[in-house]
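As they're listed, the protein sequences go chains G and P.
For the first sequence, our numbering puts the final residue at 626, and the numbers step up evenly by one.
For the second sequence, our numbering puts the final residue at 1300, and the numbers step up evenly by one.
Please keep in mind that the hints were generated in silico from the structure rather than gathered at the bench.
As the structure is a prediction and not an experimental result, all values here were calculated from the model.
Think of the CB as a built atom: it goes at the ideal place given N, C-alpha and C, for glycine as much as any other residue.
Please note that the accuracy of each hint is not assured.
Restricting the straight-line Cα-Cα distance to at most 20 Å, the calculated cross-link-like pairs of lysine to aspartate or glutamate (DMTMM-like) are [claimed, not checked]:
| no. | chain 1 | residue 1 | chain 2 | residue 2 |
| --- | --- | --- | --- | --- |
| 1 | G | LYS33 | P | GLU1102 |
| 2 | G | LYS159 | G | GLU124 |
| 3 | G | LYS33 | P | ASP1239 |
| 4 | G | LYS291 | G | ASP251 |
| 5 | G | LYS119 | G | GLU149 |
| 6 | G | LYS33 | P | GLU1248 |
| 7 | G | LYS33 | P | ASP1229 |
| 8 | G | LYS172 | G | GLU202 |
| 9 | G | LYS33 | P | ASP1242 |
Computed from the model, here is a short list of chain P residues facing chain G with C-beta under 10 Å [claimed, not checked]:
| no. | residue |
| --- | --- |
| 10 | THR1097 |
| 11 | PHE1101 |
| 12 | LYS1104 |
| 13 | THR1193 |
| 14 | ASP1196 |
| 15 | LEU1217 |
| 16 | GLU1221 |
| 17 | LEU1230 |
| 18 | PHE1232 |
| 19 | VAL1233 |
| 20 | THR1237 |
| 21 | LEU1241 |
| 22 | LEU1250 |
| 23 | TYR1253 |
| 24 | ARG1257 |
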Amino acid sequence: MKWPGFVNLFGAWFLLALIPLIILYFLKLRRQKLEVPSLALWQSVVNDQRVNSPFQKFRRNLLLWLQILALCLLVLALMQPFFQADAEVAEYKPLLIDCSASMSATDEATGKTRLELVKDKVREQIDNLTGDQRIALFSFSNTGRRLTEFSNDRRALTKALDALQPTDLPGKLDDVLRMAAAYTRTFPIETVTIMTDGNLPEQVDFELPFSLDVQRVDMGGPNIGITEMSARRSGPEEWEVFVRVSASSVDLRGAELQLFEDGEQKQSHQVEVSNEESDRLVFPVSTSQVKLLEARLVPAGFDSLAVDNSVWLTLPAARSLKVWVAPKLASWRHAVRVQPNIELEESETGEPRGAEYDLLVADEDGVGSAEAPVRLFVGVVPQDLQELIKVEEDVSYVVDWNRTAPMLRHVQLSDVQIGEQPKLAAGAATKDLEERGYEVLIDGNAGPLMLQRREGLSVSYWFTFHTDRSTLPYRVGFPIIAANVVESALKQASLSDVAAAPTGVLPPISVDGNRTYTIKTPAGESLATESNAAGTLDGISASHVGRYDVMDGGNLVTSIGTGLLSGIESSLKPVEELRFSELTVATDAAKQVDSDQPFWWIMALLAFGVLMFEWWYFQRARGAMV
Amino acid sequence: MTSTTSQLTTLFDNATLNLIERMRLRPNRRLTNRARGEHLSGKGGSSTDFADFRDYVAGDDLRYVDWNIFARLRRPYIKQFQHEEEMHVVLLIDASTSMLFEDKLLRAKQLAAAFGIMGLHNVERVSAYAIHSQQGQPWMLPPGSGRTKIRKLLSFLEGVQGGGSIPVEKAIETMLRFHRGRGIAVIVSDFLTFGDISRPMNLLYSAGLEVWGLQVLAESEINPNVQGDLRFVDSETQDTLDITNASELLNVYQDQRIWLQEMLHSMCRSRQGRFMSVSSAQTLSSILFDHLCRQGWVLR
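Next comes chain P alone, as it looks inside the complex:
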């Protein structure tokens, strides 16, 4: 990725941006606000997308009577069009210290930007929250819609440098105190937390947000190459853990990592959400245009 003045953002190049702009989010449920928006929801809307026919009843707007059918059948039928309702896309980017390893935060910001751009292009209300405890850095982007907001979103994400030790579950609860509106909550994090993640998941679900969990792990976390007697230091809390013969424990480590992924996947699925784990070493293109498409997260 080259950073030139002609580029719209430092997160990815314009070519990638063009591809992203053509993509659409594909939520499992239609969790939308009743407020008018551009997200097609149920029948009876005023959009141009046809949905169904129904019998004419007194008081119906005559403009929606299908006169072609009336001419053939001599009976009035009302054409119904899909609603265009407002859907929230909440981006929650984990920018704690643990995300500062091996381009994890960069990949998280790129993915969040991609989801945000897709939402804004689809006239969804996109808001963003960054999980960090650094003073002077932006931590919240209020909900907004329209393509004009793309610049703000990218600036917000570019301004997030990360740091601190706020756990992801606590950050979700904090976010929910500010957010109102149904839609999708995209949580980009490593989900490496000692806390209970099921409670914030429940809160998101009850708030009408479909949980999309995107775990970003560094390659050293997926395939750690450690041996001998080591003292591990937590990058966030500076806690230590003595490990003897680390190479002997790698099998157990992998089991635990896979178990964590399965547990998160199960949590999201049970709340009609999605979950995927990617490596920060993977290219953005392969994640966006291959994995996410094949998993049905987005439409091209």
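One chain only, chain G, in its complex shape:
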């Protein structure tokens, strides 16, 4: 049992007013005199045991007791009592409010969103702030945002709360918890309260320095939404567009899925899904040009969450993969040439003629001014690693390789014999390579045999030995490696697979370098951003689902769209527990959002009621006197 707390304990001093009250009561008590023939009978009445029972004694001084009761209730009201909520009463209370997309889920009965429910509860907590308490409001979706500093200014807190709107982003706790943790250095924070619907990733990469109080709102209504959208090239000008539709309820939910191509509806399908089984639909699309697709879901009945009903996807223009392979690398030319949709440049010179390729396979570090998002160097040690890796004339062999790397998928390298021996310099270690941005894909007995390095949108691979001086070209794995590198190039050029971009940050957009562009967001905002030297626009925030137009002055450069694309958010299914690095925090459904409940006003009302009763009793007793 929790005892009520008091905000103003000093109010108890007012109980001393009981002393003058009692004294004045007896001083002021004036009884009407009444002469009677004899007191004999009345004396025996007073001496009667029934009259002297404790209850009768109490009744005899009922007015006094009523006054004492009224005073005690008033003093209690002055002490501002409150029932403590389950959460600990702390002076500094950070409140982390979930503003992810699922918080905009609407309850069918009340028409209120989950965020509105949470805001009501937070507003209640703000209203119930006691004198020493301070609240700091944070909101979070995929990142955290501080709304207010620690404050007890109800007006400022309420204003910040009212301005809070749900985003079209999935929820993620890590960032906002780090922000709250930063405050523990300056404020004695014991408990951090998270107000959420529970649609969060179960695993949180964070070590809790405080206790976590996760408070959940009720589940929203039924929802149906698009959780995946991607496209795969099925021919030179053919695409297969995949759309996955999921639902949150057990019952089957029906909807019409419409596919728009450049704003024009081309196809539609009826779908029926439940939370047990999602539906994956395929739309064939023929195009050789860049095309902006929109998958739009029109639910048959009430849909709790609207933001996941449309997803955008940009199909790139159809073309062959432009590849240049160094003339000396005959084995690689041969292996690459047999891949489909390849435009291999036949060049007798040692350098490519063009400036841009999708894939470059070279046997020396420099390939002139040619650029490609995927580059493969054979028998080359990167310039900046030459002091760490020396290639010696010795035999080496493969010790291990990264089997999950896209470049080495389905490749067996254990019996490959190599006539060169790349060797790490004395004192050098793999860590030194990693510090310079390289990842070792194949480990040899003396040093790295293959390296990978990502730079922006491009990726480079280095065989530190020459493949012609190994048994690799004679192995089954060689054409597979060649196919993998082509596949990688296709992906980089978005020529084989494209996936719809989720909200958060727009994928990098290739434009002219060092130029200012304007991004028009679905919310109607215009963001000015500048492309880097490599001609990439990246890091553009996309907090809303919809179409983003990249404008160069008044000209539309390209369009790109986003979707929520989060199974967790669309499912509206809360996680039962959050797993942190060292502990697990339950998100109990029964534990609803709660706050301290002051009840001073009840005390004040009771005191008023007692005073009224006392007045009535006094008037009645006085009026009835003989």
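Given chain G, work out where chain P should sit, using these hints.
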């Protein structure tokens, strides 16, 4: 009741007096003095009321031989007649301040006068005592008999105005210091006293007086109409008693009043006496000619 010069007394009218004169006291026991009187007592008296026969023995007065029986039976029988002995009627009227409320004293004086007149008409020795502490007021009427004493008795009672705070038990003890003779002691009082009433009752009984207790209460004492917080002031002692929520205590008050009546009734009955409680609001006629007759106190 009208007070005119033609009336014998201010206590009641002549018509009532005439009715009273025809009434007789009816004591439970025959507590009489051996002195000759007109109150019929045992056999062997010289009154005209026949009592019994007995065998003639030598020395008997031949005047009492029943010659008619002797003629039939040839045996002498002596006729016995009832004694006519003297019986005292002591009237004790509580005239303390508590009796000054709501005609209590008037009703007490009327009743005492009625009992006295009945006694005097029956040639009993009637004496009267008034309980008060007022100087100049009569407090005792010595025993006397005969109708000539009626005027004195009425004058005595009319002269009692009342006042003071002498408790009834103390007054009884004082009275017994002056009184000698067996008979009836009629105590007309409200019996509202803090003292022990059983002791004077015992003294009366041992003095050969049959106790007739007649409690006269005011209507405000029988059904008090009080409410709220009050400070009661005793009319005799001026003592005070604070009562809170008096209306809540009325049930207990009634219980106490009835308990007092039952206690007094029990005391009188155990001493072969009588007890009755009347209200001063009741008319004298209803008390005298209805209640007292039906209770067997008096004979009409």
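List, from low to high, the hint numbers that the structure doesn't satisfy.
The structure breaks hints 4, 14; every other hint is satisfied.
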